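J.: Spelled out from the first residue to the last, the chains are:
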Amino acid sequence: MSTRLATGGRLIDRSRLQSFTFNGARMTGFAGDTLASALLANDRMMLGRSFKYHRPRGLVASGAEEPNALVGLGHGARFEPNQRATTTELFDGAQMISQNHWPSLEYDIGAVNQAFARFLPAGFYYKMFLFPRVFWKHVYEPFVRQSAGLGKAPDAETRDADTYEHFYAYTDVLVIGGGVAGLQAALAAGRTGARVLLIEQTPHWGGRAPVDGGEVADQPVDDFVNQCVADLEAMPNVTLRTRCMGAGVYDHGYVLGYERISDHAPGMDGPRHRLWRIRARQVVTATGAIERPLSFAGNDVPGVMLASGLRDYVVNWGVSAGDRTVVVTNNDDAYRTAIALRHAGLEVPVILDARAAGGGALADAARELGIRVENGKGIARVTGSKRVTGVAICAQAGEGAVLEEVPCDAVAMSGGWSPVVHLWSHCGGKLTWDEGSAMFRPDADRAPTGHDGAPFVTACGAANGEFDLAAILKDAHAAGQAAARATGHKPGRKAAPKAQAGEEAPLEPVWLMPQGAGIKLRMKAWLDYQNDVKVSDVQLAAREGYESVEHTKRYTTLGMATDQGKLSNINGLAILSDALGQPIPQTGTTTFRPPYTPISFGAIAGEARGPLFQPIRRTPIHDWHEAQGAYMEPVGQWQRPYCFPQPGESHDDAVAREIRATRDSLGLLDASTLGKLIVKGPDAGRFMDMMYTNMMSTLAVGKCRYGLMCSENGFLMDDGVVARLSDDTWLCHTTTGGAERVHAHMEEFLQTEWWDWQVYVVNVTEQYAQFGVVGPNARKVLEKLGGVDVSKEALAFMQWTEGTLAGVDSRIFRISFSGELSYEIAVPASMGRAFWDRLLTAGKEYGVTPYGTEALHVMRAEKGFIMIGDETDGTVIPQDLGLNWAISKKKDDYIGKRAQARSHMVDPDRWKLVGLETLDGSVLPDGAYAVGEGVNANGQRVVQGRVTSTYHSPTLDRGIAMGLVLHGPDRMGEVLEFPRLDGSVVQARLVDQVWYDKDGDKQNV
Amino acid sequence: MLILHCPYCGVMADETELHGGGEAHLTRHGPGSSDEEFHDYLFAKENPRGVHFERWRHVNGCGKWFHAARDTATLEVFGTYSAQTTEPPQAIRDAITARRPGWTWRHLAGSAK
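Quick note, the sequences are listed as chains A and C, same order. Quick note: the first sequence, position 26, residue 26 per the working numbering, numbers continuous. In short: position in the second sequence from 1, add 10000, done, that's the working numbering.
Some hints could be false.
[As the list claims (entries may be wrong)] Label-pair restraints from in silico Cβ distances:
| no. | chain 1 | residue 1 | chain 2 | residue 2 | range |
| --- | --- | --- | --- | --- | --- |
| 1 | C | Asn-10047 | A | Lys-430 | 16 to 26 Å |
| 2 | A | Pro-203 | C | Ala-10098 | 44 to 54 Å |
| 3 | A | Val-764 | C | Glu-10023 | 28 to 38 Å |
| 4 | A | Ala-744 | C | Ala-10098 | 52 to 62 Å |
| 5 | C | Pro-10089 | A | Glu-740 | 23 to 33 Å |
| 6 | C | Ala-10044 | A | Gln-586 | 48 to 58 Å |
| 7 | A | Gly-270 | C | Met-10012 | 28 to 38 Å |
| 8 | A | Asp-269 | C | Ala-10091 | 50 to 60 Å |
| 9 | A | Glu-793 | C | Ala-10044 | 50 to 60 Å |
| 10 | A | Lys-430 | C | Gly-10102 | 15 to 25 Å |
[Claimed, not checked] Stretch-level coverage of chain A by chain C, calculated; a stretch enters the list once three of its residues show a Cβ under 8 Å from a Cβ in chain C:
| no. | region |
| --- | --- |
| 11 | 246-256 |
| 12 | 799-808 |
| 13 | 887-901 |
[As the list claims (entries may be wrong)] Some chain A residues flagged as far from chain C (calculated, every beta-carbon gap over 10 Å):
| no. | residue |
| --- | --- |
| 14 | Met-268 |
| 15 | Glu-405 |
| 16 | Gly-492 |
| 17 | Gln-637 |
| 18 | Arg-779 |
| 19 | Gly-869 |
| 20 | Asp-920 |
| 21 | Pro-925 |
Because the hints were derived from the structure by calculation, they are not lab data. It should be emphasised that the depicted structure is a prediction, and the values quoted were computed from it without experimental measurement. Ideal placement from N, C-alpha and C gives every residue a C-beta, glycine not left out.
The task is simple: from the sequences and hints, build the whole structure.
T.: See the structure below:
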């Protein structure tokens, strides 16, 4: 069994007990434990089940590479699935549940998949679910959905109780990784005076070195680490952060850091995670290396672990995985585990060294401790299912004939080390295959390059393929100095500290154990633990013709689990290379993509959630709207009242009441959100003629004109009323959401096409509050306010004037979007609310009624006015909408004119705008299509038109709609059929779209 | 995420401050142009692997459009310059030639060295 040792554990504080639960069972650990070490100390070796076969899975590693130990952590609003137990610190009160099993971890029904493993080979999903196609919806899809996904998603209704934030940092040199290499690199860079940021993903400095031991400058490596940290902390130009992972390296020195601020103390003040958005001039990756598993039958049985992981649990946390541990290796490093176990008083029955010649000095040291060492031997298979019970020994060179069975309860394996090249590779750093160490290492001649074309990433230490302590420090020192030099800082002469170098015998690559393993063994030799990919699966893929490592990855799912192949990648591509009969570098690696390990969505979102998700724009009248209980809707970034429901009133009722009050007497609209752009300058007239389809240069001062704006593609992009303010000044009204877009459109042409034209454009949308005063009593209420003459004679339809109204400076436009007598009054934003209140007071005797956007929409539809975004969708030209009257024929050019002459734009079969009147008076469904006879080339029902706007008109007490219909204007009176979603059909007649006051008598009074 | 030097306000601007505007130095074709000319103006853009000239706007900054010459494969930036020119200035062409001898782009070409 696995247990806590009586002594040892350099990271734990035995005086501080932490209690936690796993699947409801109460357990205790110590401060300094990870979830993984605490579980192991409580004899929880088996932690979950694999994805495909639901095989029992236990801890394999002690760090970020762990593929199996994923748990659901927390509860309620703080529940989160797939938390990696090896990288999450234990805290008092932690609640964990295991994943991917039903009904329980110990007795799992999905485990029957194992019995069918022979029938679930690589590419199973592709092969099985292809035919018959009719099975998809009711057989295959439910099955796939049932078995898809890892862990349980948090409850959809709960909201994350934690907060997150983004942090921006700028530095000369960023060092990623706080092991001895990172510390030495940071010191070397920091001593030059360069700004240095050093980040480390764990809570501790020093990385593996304190576990693996050694001496630096004649002192134990622990002391060296402490001295480095103290020296760095004393430098004002150096910033250090633990619990901060380098997640990704991007173009031009952009790096994401992922800081887990309070995962170890949930609920503490402040954000839980912080996303560091770093701009570094130079990046040093000191990200260490990851040990590789060995591929032998049963290498996935709980209790089979990486040799380094086993060593970490003993040395760092005082936890043993078992009393009797068999060590199996192809290199010297694993001997350190055997020695550490023996020093901790644990038994090592045998070390199986696959190398015929065996190990070096470390092997001698193990033998001196009395440990049996067998050279040229390996594991034929592991016995046990939920827990290792023993191993069968065989010759590595053979086919797996069992020489001896050795009982044990843990296996420590080591297949060599792979440098963590992820961050080097993210932004294009290339790798080179190191034959001697059987690993890919960064190719310094092909480093990622920045905006100036110069390299900006340097790898050092184990991440650079250096594994000897002395070599690591020398490499890191040089990397730190080089990075600082590249940022213009001059390194001094101080050399790297000297470390004691121990000779190690060379590794021998072992990609399959034993090398001649038959199919039965290969079908039990796991490469990817989480996704259940075995040696035999990769070999099958190769036989089926998969040659590219990227294709093999997707076909077999090798390396596609949440660990992204940190353990399986190299072993898998070595098997693939062997099957294809080509050298490993020719096969290459799959692409390393950020993030290095998964980061939280919360960190990515930062503060951009809820009301801060995007800016909210409020008009000067916003508070009044809210006080009235207005039902608000977003229009672009603006909040606008949809309607003002009174107590007991539905939204439909409110809209109908608002329309009737406006048409009968007096309505008020807060139109402050309308875009307002001033176009001014000696060339403003010709510029306006280019921007709008109409002739705007001939508009007289004091007059208004409805204008259309198209893109260079010819499509209608915005509309609005333009007023000429003076000889060289025009005021352009845009749609509510369109001001910024139209402004940018104008600036683009001014700056990049007609930069010699003397024109300025300024967006004054927020400088004015603007109100629609609408209805038969509109003039009366303005006269009551007193000031400017707004009589028919003084201010005719489509004119504007300025002066004071009720003592407020006003610009008054006589324009109408409702068909009623209507004024739009612009006042300085600061006077908006005061003016609004005076309108309400003066309008009381006329039953003044504020109305919202829905009433606005219905009234414009009753008048047959188009709305950008309803009648237009980016594929509609003004000619489609019968707006030819607003397109100047006299002008040589305007934006969109040439496009509107293209063959498809002048096609007589383009759908054109008409009114639609249902025969039964009902409201047509929005977006409904009119169907024609027969089917098209795709076998779909032929369509001949669609609904663009549809409402219930309280004025007409019936449904009214507009739509685009094939040859519509030529087919007036015809009846078309519009199927509803429920299969029924509604009939509508093509009519003129102007239902209300076609001659304009009401607005012209 | 790119960093480009804004030639108007002088800052090294993060890509989040910028808005890409596609290929630079297009000639606008309006009424009177042939269907082919107009089609090419709107749709037939260069998509090179290597030296390219682009339009960018410092939209969350000074608001000005400018041009950038860069390598689309390595993302190396050879220089940024005014949007108010129909061709890249000689200094920019020289900077490209220094790094990519023999470069070509549409009708433009740098010397072989």
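J.: All hints, please: hold or fail.
T.: Quick rundown of the hints versus the structure:
Checked against the hint of 16 to 26 Å, the C-beta distance between Asn-10047 of chain C and Lys-430 of chain A comes to roughly 24 Å, which is consistent with it. Range check, Pro-203 of chain A to Ala-10098 of chain C: about 48 Å between beta-carbon atoms, so the 44 to 54 Å window is met. At roughly 33 Å, the beta-carbon separation of Val-764 of chain A and Glu-10023 of chain C lies within the given 28 to 38 Å, and the hint holds. Distance hint check for Ala-744 of chain A and Ala-10098 of chain C: the Cβ-Cβ separation is about 35 Å, which falls outside the suggested range of 52 to 62 Å.
Here the CB-CB span from Pro-10089 of chain C to Glu-740 of chain A is close to 31 Å, well matched to the stated 23 to 33 Å. Taking 48 to 58 Å as the suggested C-beta distance range, the pair Ala-10044 of chain C and Gln-586 of chain A does not conform, at roughly 39 Å. Here the CB-CB span from Gly-270 of chain A to Met-10012 of chain C is close to 31 Å, well matched to the stated 28 to 38 Å. As the Cβ distance of Asp-269 of chain A to Ala-10091 of chain C is approximately 54 Å, the hint placing it in 50 to 60 Å holds.
Between Glu-793 of chain A and Ala-10044 of chain C the C-beta distance comes to about 57 Å, which sits within the given range of 50 to 60 Å. Checking the proposed 15 to 25 Å range against Lys-430 of chain A and Gly-10102 of chain C shows it holds: the Cβ atoms sit about 24 Å from each other. Coverage of the region 246-256 of chain A by chain C holds [criterion: at least 3 residues with CB-CB distance below 8 Å; count 5]. Coverage of the region 799-808 of chain A by chain C is violated in this model, with 0 residues showing a Cβ closer than 8 Å to a Cβ of that chain against a need of three.
Judged by the Cβ-Cβ criterion of 8 Å, the region 887-901 of chain A is covered by chain C as claimed, because 6 of its residues qualify and three suffice. Non-interface call for Met-268 of chain A relative to chain C: holds, since the shortest CB-CB distance, roughly 31 Å, exceeds 10 Å. Residue-level check passed: Glu-405 of chain A sits 57 Å from the nearest beta carbon of chain C, beyond 10 Å. The Cβ of Gly-492 of chain A sits about 29 Å from the closest Cβ of chain C, beyond the 10 Å cut-off, so the non-interface label holds.
No beta-carbon of chain C comes within 10 Å of the beta-carbon of Gln-637 of chain A; the shortest separation is about 15 Å. Taking the minimum C-beta to C-beta distance to chain C, about 42 Å, the non-interface status of Arg-779 of chain A holds against the 10 Å cut. With a least beta-carbon separation of about 22 Å from chain C, Gly-869 of chain A lies farther than 10 Å from that chain, consistent with its non-interface assignment. With a minimum CB-CB distance of about 46 Å to chain C, Asp-920 of chain A clears the 10 Å threshold, and the non-interface call stands.
For Pro-925 of chain A, the non-interface assignment is confirmed: its Cβ lies about 35 Å from the closest Cβ of chain C, beyond the 10 Å cut-off.
When each numbered hint is compared with the structure, violations occur for hints 4, 6, 12.
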